[in-house]
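**Q** Protein sequence lines, in the order shown, are assigned to chains X and E.
According to our numbering, the residues represented by the first sequence are 717 to 846, in order.
According to our numbering, the residues represented by the second sequence are 1000 to 1419, in order.
Derived from the structure by calculation, the hints contain no laboratory data.
There could be a bad hint or two in this list.
In the DSS-like style, the derived pairs of lysine-lysine whose C-alpha atoms are separated by at most 25 Å in a straight line are [unchecked claim]: (1) E:1413 to X:826; (2) E:1248 to E:1100; (3) X:826 to X:741; (4) X:774 to X:759; (5) X:759 to E:1413; (6) X:814 to X:826.
Here is what each chain is made of, one letter per residue.
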Amino acid sequence: MDDALDPLYRDEILDHYDSSPYRGKLEHPDYACDMDNPLCGDKIHLELSITDDGRIDKVRFDGRGCIISQASTSILAEHLEGVSLEEARGLTSADALKILGLTLTPTRMKCGLLGWRALQKAVAEPAAGS
Amino acid sequence: MATLSESRGKLGVAKARAEFPALDAEVHPGVALRYFDSAATALKPRAVIGAVDEYMSSYSGNVHRGLHALSERATEAFERARETVARHLGVADTGQIIFTKGTTESINLVARSWGNLALGAGDAIVLSELEHHANLVPWQMIARERGATLRYVDLTDDLEWDLDSYDRLLADGRVKMVAVTGMSNVTGGRPPLEEIIRRARAAGARTLVDAAQSLAHERLDATKLGADFIAFSGHKVFGPTGVGVLYGKRSLLEAMEPILGGGSMVLRVTRETAEWNDLPDKFEGGTPPIAEVIGLGAALDFLESLDADAVARHERRLLEHAHEVLGAIEGMRILGTTDLERKGPILGFTLEGAHPHDLSQLLDRAGVAIRAGHHCAMPLHDRIGIPASARASLALYNTADEIDHLARSLEKIKSVLRRR
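One chain only, chain E, in its complex shape:
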């Protein structure tokens, strides 16, 4: 039955699920896929597959170069994707949307280029143990180079930001950057971005938001949020791998030096010197991932074609259901906050007596795909005092039945591993 929104042309949850052909695949003979690893990479809808296919089959020219039809068509589609990203982020100026190869490259670009400009000896960068290695290691690298220091916000027992400790870190005015995730890839915890950014600005610090996880679940408005930089990856928002985005404030991007020299990023080159191109090209040296950018545009168009409220309600119900049925398993420990208002649909967990890798492998026999390991968040696992964890991450295409199947499979594995 069509919902009210569907009658307005928006796609509901059940119809959205039907758009992901990978969900129909058998992972082992006779075993259907139950995919709980969207936080690692999300599955792709037909619209994305089709857009990539169409570019590769019918107009696979390079961009910003040739004057022939293929190149012009490719350039047009490529720049249309940039407009889509800008619109999705609530940004009017497409010059502020830089294509990279992923969140990691976006953050490295800021750390290196902005860091070289703005960081000096004794300056500080604020981080927390909730961050993915992609939002830790680039800062460690540039801090070492510039003689800056890293300051870590205390986390509460629920693995949330302790804002009082944050205030203490900001107090001496030496903090130049606060880099924070929109959603932890281990606990799903959502640091209070508005408050964090407000306090950073008051202390004269810049901010970078790692939206790699959050953007698949909640749309953000870059202008309203006020962050100086925002980074995300295409493949976690149902687009292709190999493409990511860096959004930045224009004045900052204009002051920053490019880190990749080469074609496209220059206006004029002599034997000795080169003059940088305007934004965003200045930061996009070399042939960009054209098919992937076009695919990312299609992914965001797809997201916008969905009934956002219905998707949000669905994901919330799934998260509640997962906390309920997984939380009922004896020996289960779900990491992070139990206040579901403050987290997204990601469940990091440990199960007593079962190593996450064994769990993951045994679940695979039941067609269940979860992630196991440290999820590129070693400092967080050190903080919790565990070497590794298992993670079930949910997306708009998951169902309550799939979560029940996961819970039943976990119970079965437990009984086999404790057979004596």
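Pulled out of the complex, with its shape left as it was, chain X reads as follows:
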């Protein structure tokens, strides 16, 4: 840090953190869930809407926590729009890390994969009331 900031905190990540276009709520989500990481107090609320042919139309999230948890959820959201529900269900943690393009230490893995865990929980069952 004496010379350069940790590459993990590059501008793209900071942009996703403090001005994500995916932050917000959907009017009629088909899938939604809350996921938290009690270890750090990170929280994510994730909502998805699905097109008639079973593709993810829109992704929105809300939450608070460290830069890594929030930015990685935003990057994942960006990737998910247009992806089929089947594909989203089959997304492994390794796939998610590849999408994020982040090199995470074991302790930060929980932060970086919070959005992915929310996604897995969300697509497992339809949102209440939908």
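We have chain X already, so just place chain E on it with the hints.
**A** Just chain E, lined up with the frame of chain X:
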């Protein structure tokens, strides 16, 4: 220049620092370590490393068993370490010093064994939100089993014990145990132990002191303090991990049942029954952590070889300096009391606009090791209303320059994270 104490054979602060080889390591290429995580685990002096090495290389026998030279030498060193612990705590009777694997196991032993004996339905245990999970969860477990209840002392806005609320909790005579930390691992706050123990005794309650944090900073005299039980860990007093101590009053320990059955803790075993060994062996079933116990003895010997007054003055100056330079950072909130007389050298803090985990990771780039998270004190963070905090904990080997480096690094991180 040697100080007066050094001339009396006691080690001053600068020479003590030179005894910790981990401080010389580069954490990243070209980046020196600035270690502010001694409250999680303290670094080890050469004396401890050497004692463990010597046992493992030259007399690594089991204890209390064989009659050969290795076993006898190991037994002798192991029991000498017990004498060192007893002496360090001001206890004459080594039977009252039980080796466990850490503070957590020590407290669990008391909660389970003493709790089974002494707690009944409607009885109460007094705790506070300042406690580490290790001094909360065992009590929750035994309270649920025995139908006892937990009562929490109110904390003031400075996160200190409200002694009036404590009196109210004790008033109905149902309190059987008061379990209290000697030093909060988040705020460094030091509850007034003497007063807490005095009032507990007057109300007929037993007391347990969690000395995991305090013992690295201030020596305690178990006999003078009067607590019924004291627990601490080796690795927070510059010894190895995997070893801890439970001190207890003899009459209580004698009445308590062991929780680990096995070798060493018995005198005689038949097909159906077993007869317990005497103290302390009764509570030490199985082969103990021999190297670690010997290392712990070396750690306490090392502490006693230091000029205690010089170390105390040094740690106080560091704490004052840390409060001053960190407190000057905009958006900085240091948790707990600002009355430094009532706290030890631990600074839990939050920095506006920066999550503790991001702070910790970015500080690591500068070689600065701090802790981030809830520090196994979730109820305290709930009480403050924050999910997590950062913590810089100081030890005798830290320097004011290191604290300045921490402050500069925090300022730099702040400017980068708020780049717009």
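**Q** Each hint should be assessed against the structure and marked as holding or not.
**A** Checked hints:
no.: 1; hint: E:1413 to X:826; in the structure: holds, 24 Å
no.: 2; hint: E:1248 to E:1100; in the structure: holds, 20 Å
no.: 3; hint: X:826 to X:741; in the structure: holds, 24 Å
no.: 4; hint: X:774 to X:759; in the structure: holds, 20 Å
no.: 5; hint: X:759 to E:1413; in the structure: holds, 23 Å
no.: 6; hint: X:814 to X:826; in the structure: holds, 15 Å
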